[in-house]
Amino acid sequence: MLEKLFPNVDWAILLQETLTTLYMTGISVVATFILGIILGLLLFLTGKGNIWENRPVHLIIGAFVNIFRSIPFIILIVLLIPFTKAIVDTMIGPKAALPALIVGAAPFYARMVEIALREIDKGVIEAARSMGARVTTIIWKVLIPESLPALVSGITVTAIALVGYTAMAGVVGAGGLGNLAYLDGFQRSRNDVTFAATVVVLIIVFIIQFIGDAITSKLDKR
Amino acid sequence: MISLSNVSKIYKSKLKGSQPVKAVQNIDLDVDKGEIFGIIGYSGAGKSTLIRMLNGLEAPTDGSISVAGREMSKIRGSELRKARQEISMIFQHFNLLWSRTVRENIAFPLEIAGVSREQRLNRVDELIKLVGLEGREDAYPSQLSGGQKQRVGIARALANNPKVLLCDEATSALDPQTTDSILDLLQDINERLGLTIVLITHEMHVIRKICHRVAVMEGGQVVELGKVLDVFKHPEKPITKRFVQQITEPEETKDTISHLAAEFGQGMVIQLSFAGDDAEKPVITHLIRHFDVEVNILQGKISPTQNGSYGTLFIHMLGDEAEVSRAMAYLNESKIGIEVIENA
Ligand SMILES: Nc1ncnc2c1ncn2[C@@H]1O[C@H](COP(=O)(O)OP(=O)(O)OP(=O)(O)O)[C@@H](O)[C@H]1O
Ligand SMILES: [Mg+2]
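In order, the protein sequence lines correspond to chains A and B. Position one of the first sequence corresponds to residue 1 (the working numbering), numbered consecutively onward. Position one of the second sequence corresponds to residue 1 (the working numbering), numbered consecutively onward.
No lab work stands behind these hints, which were simulated from the structure alone. Treat the numbers as computed from the prediction; the structure is a model and nothing was measured. Even glycine gets a Cβ: it sits at the ideal position worked out from N, Cα and C. Each hint should be verified, as a subset may be incorrect.
[As the list claims (entries may be wrong)] Label pairs and their calculated CB-CB ranges:
1) SER142/B - GLU126/A: 15 to 25 Å
2) ALA59/B - ASP213/A: 40 to 50 Å
3) LYS85/A - ASP138/B: 48 to 58 Å
4) ALA214/A - GLN19/B: 51 to 61 Å
5) ASP192/A - ASP138/B: 52 to 62 Å
6) PRO56/A - GLN19/B: 23 to 33 Å
7) ALA214/A - PRO176/B: 37 to 47 Å
8) SER189/A - SER142/B: 54 to 64 Å
9) THR256/B - ARG134/A: 53 to 63 Å
10) SER70/A - GLN187/B: 53 to 63 Å
[Said to hold, decoys possible] Below, in silico cross-link-like pairs of lysine-lysine (BS3-like), each with a Cα-Cα straight-line distance of 25 Å or less:
11) LYS281/B - LYS233/B
12) LYS74/B - LYS163/B
13) LYS48/A - LYS14/B
14) LYS33/B - LYS227/B
15) LYS122/A - LYS33/B
16) LYS22/B - LYS122/A
My request is simple: use the sequences and hints to build the entire structure.
See below:
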């Protein structure tokens, strides 16, 4: 049955490329989560009326975030070639895609983090200050827990975008399902391969969305 | 316990050309240990600004503030954080962490103070009993009523055994009954723990019910200050009179009185006010026994304060001119306040 529908699909390769995609997505999601939260916290805390209010720093981080968020991903990959070579020492394979994936997604996520933090009731931060909390305590015990549902739903959206980015990265040599669909499927006119790769991408996206939604609603005690 | 001298706070406006806001101007104030001190004023009077300077959430532009032996305007960093653990605050909108249960919210200031886990659990249990939240320990704030949330706020504020409790409109978001139960709790805490409480409000009822002394604020200044009963007896400034009227003359009184006076067509309507022991003298009995006048009681009300009761009585008095003026002379002599409202 499957043989008939997908005559050209090599299942072992499909599995391997799926794992490559999952690897790229997984690592970049974790790195984006950490980096995005750090950048988002800095954006928030240096913002107007906040604990570390500092206009120059806020503007610099803001500009950095906006620039990297605006560069189309495919161009970003090319722009980052020297940087990538310097740190991972290769231009092919999944590892080579990681710097571009992270640099592309972290600023995007940082903005979402900033927005999530701004949604926190100012009064709660003030209450913590009135109890004599230090800034690190406020970050760990107020800002992050109080915005956690929004942080998780933000990383869910970002993770889904990252699956798309890995497909693009695949085309330029990183491997994965994008690479399979394009090189093996499209360029060799094997529509069934393209189709199978697409279905797997969709399944991954659905699973990410499902897990993200479940965690968000479990965390949200409001 | 708290001493302010010549304290001012000026907010520089960010808009070019507009005037800086003088939120608080030249305030001198002393609050004694164990006192419940009320600050009343309308919106924008500078109450929040003042109370926020007491725990260093705002720094004064001028003047000095000392709380529990610390010069609040001079300290910063870890010393300021230590001081804040002794000066707790409760808020109009409770400001609880929604991500934490009742128990975890109350434990928060203990975590900040570095109390061990075991001691935290014991202390939290004590506090839950103190504020009457047994059985709700594991609820999240979203599952509590306003009054219960404020109880959590109070328990949280008491966790580190503070010396001073600041209340910024702590009952303004609550209905009258819940307000009373929270005020009872605050009074109970004040008596049991000897805690000094500074409380701001725009409701005279709150002042009447639990405060020992009151300061009236207007335009960033304290315009009147004294024992609550004295302020009820002799309000000096028009704004103070209006606040006192919130209690002594409920909205509809004025209408009712003038309506009745019109119906009588003759005689006069007088407002008598009694304070402290005077409230117990049989003035009306004396009035009708010794003077040939008719007395109708229109409305009466007794408002207990922390320094004694304050009562008002509206009467309608009818008789011939000579008798009425003799009766008035008697009233003037006795220590009660009289004011002629309508004279037909
Ligand atoms: N951060 C700020 N920047 C500029 N102006 C401020 C700031 N905070 C308060 N003000 C101004 O100071 C004045 C006093 O404000 P404050 O909040 O102390 O009043 P309030 O008596 O607490 O009023 P309410 O009953 O509405 O809470 C107001 O005119 C207000 O606009
Ligand atoms: Mg206020």
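Comparing the hints with the structure gives:
1. SER142/B - GLU126/A: 15 to 25 Å: For GLU126/A against SER142/B, whose Cβ atoms are near 20 Å apart, the range 15 to 25 Å holds.
2. ALA59/B - ASP213/A: 40 to 50 Å: Given about 45 Å between the Cβ atoms, the range holds.
3. LYS85/A - ASP138/B: 48 to 58 Å: Holds, since LYS85/A and ASP138/B (Cβ atoms, about 55 Å apart) stay within the stated range.
4. ALA214/A - GLN19/B: 51 to 61 Å: Since ALA214/A and GLN19/B have Cβ atoms about 54 Å apart, the given range 51 to 61 Å holds.
5. ASP192/A - ASP138/B: 52 to 62 Å: Check passed, 55 Å falls within 52 to 62 Å.
6. PRO56/A - GLN19/B: 23 to 33 Å: Since PRO56/A and GLN19/B have Cβ atoms about 28 Å apart, the given range 23 to 33 Å holds.
7. ALA214/A - PRO176/B: 37 to 47 Å: The hint (37 to 47 Å, Cβ to Cβ) holds, given that ALA214/A and PRO176/B are roughly 43 Å apart.
8. SER189/A - SER142/B: 54 to 64 Å: Distance hint for SER189/A, SER142/B holds at roughly 57 Å.
9. THR256/B - ARG134/A: 53 to 63 Å: holds (58 Å)
10. SER70/A - GLN187/B: 53 to 63 Å: holds (60 Å)
11. LYS281/B - LYS233/B: With Cα atoms ~16 Å apart, LYS281/B and LYS233/B stay inside 25 Å; holds.
12. LYS74/B - LYS163/B: Satisfied, since the Cα-Cα distance of roughly 19 Å is no more than 25 Å.
13. LYS48/A - LYS14/B: holds (12 Å)
14. LYS33/B - LYS227/B: holds (15 Å)
15. LYS122/A - LYS33/B: Violated, because 31 Å separates the two Cα atoms, which is more than 25 Å.
16. LYS22/B - LYS122/A: Holds, at roughly 23 Å.
Figure legend: structure checked against the earlier numbered hints; the only hint not met is number 15.
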